[in-house]
Amino acid sequence: MDNTNGPVTIVEVAPRDGLQNEAVALTTGQKLELTTRAVDCGARHVEVTSFVHPAKVPAMADAEEVAAGLPRDDGVSYSALVLNTRGLRRAVDAGIGAVNFVVHCTEMFSQRNQGVDISGGIDLWHEVATRARTAGVRANLTLAAAFGCPFEGEVPVEQVVEIARKVLTSPPETLSLADTIGVAVPADVRARFFALAPLLPEEVELRAHFHNTRNTGTANALAAVEAGVTVLDSSLGGIGGCPFAPGATGNVATEDLVYALDRSGVRTGLALTELLEASGWLEDVLGRPLPAMLRRAGDFPAMA
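Numbering (the numbering used here), first residue to last: 28 to 331.
FYI, nobody ran anything at the bench for these hints, they're computed from the structure.
Hints are not guaranteed to be accurate.
[Said to hold, decoys possible] Label pairs and their in silico Cβ distance ranges:
#1 Gly163 with Pro98: 41 to 51 Å
#2 Trp308 with Thr161: 15 to 25 Å
#3 Ala218 with Asn242: 18 to 28 Å
#4 Arg294 with Ala224: 16 to 26 Å
#5 Gly124 with Thr55: 11 to 21 Å
Positions of the beta carbon are idealized from the N, C-alpha and C atoms, including for glycine.
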C-alpha cells in the first residue's frame, strides 16, 4: 500500500474551496489568473468552481463565466463541485470535463449541507455518476466529514466503510476522504485508508482532502501517502476551510505540502519557487496574511 516513492497528484483547490468562504470577493478575471498561476507552477488538476445555488455560495455565482474563460487545450484537467443533477447539467453545459460530488458521513452534516440524509446522498451519487458517464464527464466522489462531525462528534471507521461499500457500486475516478473540519491525526488517516483499500476496484484511485484547522494537515497528508493514497487536494496559501469548523484556518497549503513531499522523496511535478511567488500574489489580492508557513520560513536550503 505504501506510495512514498510517488508520484502523487496534487489537485489545486484554491479557486473553489479556497475562495468560497473568503471575505474578499475575487473578480472572474482574478479567479482565472489564480488558476493560470497554479498551472504555471505545474498543477495539472485544478478545481476551479462549484455549480451550486448562487444564493448559498455567492463567491461561486460566476461559475459559467469562469468555465468559459478556461483554456481548452493546455493539457490540464479542470474540475468543479456539484451537489445534484442540476449542478451536473450546468457543469456539462459549461464544458467542464470532471466533477466532484460529495456524500456526507453523518446524518446531521448531510442535512445541513445537502438537504438530504445519507441514503439520499448515496442515491444522488449513483444518478450523477450515471449521467456523468453518459455525458463523457469524469466523476470523482468525496466522503465528507469522514473523520469527525461538528454536530455528531466522532465518526467510526466502520461507518465510513459501510458508506464506501454503497457508493462503490458506481465506481468514481477517485474516492476521497475529507477531514472537513480538521480533526484527524495520522493514526485516523491510516486506519480509514487501510480499511478502504480492500473495497476498491482496480481503476479507482484513493484521494485525500485535509484541512489544517489543528495544524495536523501536512502530517495527515504524509500518512495518507504511506497508506496508498495517490491524489491529494491542497490550496495555495492554505486558504479556505469549512464554515462549520470554529477557528478553521483553511486547507493544507500547497506550498507547505509540496515542501514536505519533496523532502520525503515524493514527486509532485510542482515547482516550489513558483508556488511561493503565486502565494505572494494571492496574499496581496486578498489583503491579509495567509496561513501557509513556508513563505515565512523559506525553503531549505535558503533560496538565492
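Checklist entry - Which of the listed hints are not met by the structure? => result Violated: hints 1, 2.
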